[in-house]
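2 protein chains.
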Amino acid sequence: MSKEASERKAEGKKTYDLHIGDLNFHTAPQIVQATIDAINNGKTTYAPPRGIPPLLETVARVVGEERGIHYSPEEVCIQPGGKPIIGKFLHCVMNEGDEVLYPSPGYPIYESQIDYLRGVLKPYVYRETPEGFVLDLEQMRSQITPKTKALIYNNYHNPTGHASSDEEMAAIAQIAIEHDLWVLSDEAYFHFVYDESKKNRSIAALPGMKERTVILITTSKSWAMTGWRVGAALGPKEVIDMFAKLTTNDEACTCHPLQWAAIQTFANPEVQALREVMFQELKARRDLIHELVNQIPGFSAVLPPSTFYTFINVTKAMEILHITDYEEFRKRILHSTGVSFCTREHFGASLEFETQKYIRFAFSGISQTDIREALLSLKKFMDSAQIPN
Amino acid sequence: MSKEASERKAEGKKTYDLHIGDLNFHTAPQIVQATIDAINNGKTTYAPPRGIPPLLETVARVVGEERGIHYSPEEVCIQPGGKPIIGKFLHCVMNEGDEVLYPSPGYPIYESQIDYLRGVLKPYVYRETPEGFVLDLEQMRSQITPKTKALIYNNYHNPTGHASSDEEMAAIAQIAIEHDLWVLSDEAYFHFVYDESKKNRSIAALPGMKERTVILITTSKSWAMTGWRVGAALGPKEVIDMFAKLTTNDEACTCHPLQWAAIQTFANPEVQALREVMFQELKARRDLIHELVNQIPGFSAVLPPSTFYTFINVTKAMEILHITDYEEFRKRILHSTGVSFCTREHFGASLEFETQKYIRFAFSGISQTDIREALLSLKKFMDSAQIPN
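In order, the protein sequences belong to chains A and B. Residues in the first sequence are numbered from 425 upward in steps of one, following this note's numbering. Residues in the second sequence are numbered from 425 upward in steps of one, following this note's numbering.
In short, the hints are calculated from the structure, not lab data. One thing to keep in mind: the hints can contain errors.
Here chain A is said to cover these stretches of chain B; the calculated rule only asks that three of the stretch's residues, wherever they fall, bring their Cβ under 8 Å from a Cβ of chain A [what the hints assert, rightly or not]:
#1 428-436
#2 496-508
#3 643-654
#4 706-720
Anything over 10 Å on all C-beta distances counts as not near chain B; from chain A, calculated [claimed, not checked]:
#5 Thr451
#6 Ile460
#7 Thr469
#8 Ser536
#9 Lys623
#10 Glu675
#11 Leu682
#12 Glu700
#13 Gln792
Being a predicted model, the structure only gives us computed values, none of them experimental. Ideal Cβ placement from N, Cα and C applies to all residues, glycine included.
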């Protein structure tokens, strides 16, 4: 999609980037300055595979405080982004033929990594209700067998924007404990929660969970640093030791000067204040999309309590256009309106029992002005499609 | 060793770092400035998984010109360092149970990655002659079976400092072609060749080799950027496409602002001039070590034609000290003289037919003054050890 969108722009056609989960915000100047200082101070040599000690201490302290869990620096491994943690987690906890529960729709790397490592795909699903999406706990339970080894949980969820209630999170923890599962808690969107009652929750903080959970954090989304590639895994020491060993063999270390800069990312109050400014802007975009998208014939969306995504039910819109194929729908809209987005199928293969069709709008990389224009363009197109020829 | 050396220093004991293959040179200011410019220009978002087009073009052109090979940008994949290329190469070309030839002694990651991916270890060896090390082609040939799939070749070789003659390289190419092997050509030390007749050689440039070879390059050593983590794989498009797919799943991309800086690394003439200054200093260190080490009882070393390592025969020194175990020898010397180094066993498991004992001195991170002191300290220790009590 990025390529298609770029090609359209190169042809001079107005294109609205609602497909990308990247951010149109600048990285904080304090982080930039810290990078420059680190380079000038000669922090350009190898770093320890698990990360530089002051960053390990900072991450252990800040991530622990935010979630109400105690972590020591020995329970942290710095990584070149959040993504490497997915593969490493699976390398650590599963063997060929083991089953892994993961969200579908979900971040596509879960499915591709489980599959690549010859695990057995066990997707669990979300149901849309008038109050928002809920995780289908019954369906999740039905997927579990004695060969199920791990559960990937992405609260605050890409692409639905779902945030678990305390009850739902407790039920998932219970399932993990009951079936002795390792849990990867992908917390990439931890700082993007609009519903106060659902903020600052980590499943690792629940009783019996810390010892079986690896938390994935990343600077990518929270601080508009997607291209910097700095993240961290937090978990039981024996797993983190394995992460360090894998890092020694796979990458040597995470970029050394950026690790010094990352201390500012986590610990500098001015940087957190800038993050709050970005958060408020994202909230305004979310509210604007919610208002406008529900005025478009065939489009309906619940208000996402977290992330910077809106998962939109387009079952009726596809019926109006007499389209059953996701790619055909996506391309028709893109070429008719300039609106670029992802469909459900960018987040794992569709499951056979799905009856509703969804697309995802990302509002991380688009201004409110362009959101208005994009959704007006879309509305015009769908309004005219409704009129019989 | 790094930990032991650090602990000694913390206790106020003078320690000579001859163990580390890291560099005590500053990264060129042009590269630093390009990093700052890239950050300020907003190059902080995701980059394409294979790398930014201008860097792909630069790497294809410069690496090709240096070696006399034509590469197109589609045959390049930027990586977060040289190391990730080893694992990815093996992921691409071998399956469980396949045999892989690799140098022993050699960079330890070859052995650990082949083993981790359940390949069969097929070490090939080097023989010491009065003229230097030579690769034992007969022994290499004897290791090959119909299950041999790949050959890892590290010309300019860590830890021996060996550089192939044109005849030796041609013979290796012939073996690869005859047995239809994939080749990983680890060229991390490409710019550190002191013997003019062996400079600028890549096995990929030989007839029939480009289509079966992946070249590993890295900014780490050539430009004193070990902690930056920028490297690149060059090879046939179908393999590079697989590298890009693995990168999408494993890392997303290599750090975006550093990719803009890396263009300077490869293409800026001022940066290459600074590399030449570093090279001349390393050459002086090499010559100094060569002169001094051969004056130490029980130590003998041939002059390395490449890299920044000297591989020292200590068979007699161990006999003088009545030590048969490498670790005991290393620790005795470290604690008696402050000289910190790696032994043969840091570069893969010793092979049963080995009769000679070796250690490696790295002269990349130590001044000439400290080299003199270190080798004087070592000489005094060995001189006194020779005198019967």
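These are the hints, each one checked on the structure:
Coverage of the segment 428-436 of chain B by chain A is violated. Counting CB-CB distances below 8 Å, 0 residues qualify, and the rule asks for three or more. Restraint check on the segment 496-508 of chain B versus chain A: 4 residues with Cβ-Cβ distances below 8 Å, three needed, restraint holds. Only residues whose beta carbon comes within less than 8 Å of a beta carbon in chain A count, and the segment 643-654 of chain B has 6; three or more means the coverage holds. Residues of the segment 706-720 of chain B with a Cβ under 8 Å from some Cβ of chain A number 0, which does not satisfy the need for three, so the listed coverage is violated.
Against chain B, the non-interface label of Thr451(A) is violated: not every CB pair exceeds 10 Å, the least being about 5 Å. In this structure Ile460(A) is not separated from chain B by more than 10 Å, as the shortest Cβ-Cβ distance comes to only about 6 Å. For Thr469(A), the requirement that its beta carbon stay farther than 10 Å from each beta carbon of chain B is not met, with the minimum near 5 Å. Not every C-beta of chain B lies more than 10 Å from that of Ser536(A), the closest at about 5 Å, which undercuts listing it as non-interface.
No Cβ of chain B approaches the Cβ of Lys623(A) within 10 Å, the least distance being about 26 Å, so the stated non-interface status holds. The Cβ of Glu675(A) sits about 6 Å from the closest Cβ of chain B, inside the 10 Å cut-off, so the non-interface label is violated. Under the 10 Å C-beta cut-off, the non-interface status given to Leu682(A) relative to chain B is violated; the minimum distance is some 7 Å. The non-interface label for Glu700(A) is consistent with chain B: the shortest C-beta to C-beta separation is roughly 19 Å, beyond 10 Å.
Look at Gln792(A): its CB is around 19 Å from the nearest CB on chain B, clear of 10 Å, so calling it non-interface holds up.
When held up to the earlier numbered hints, the structure conflicts with 1, 4, 5, 6, 7, 8, 10, 11 and fits the remainder.
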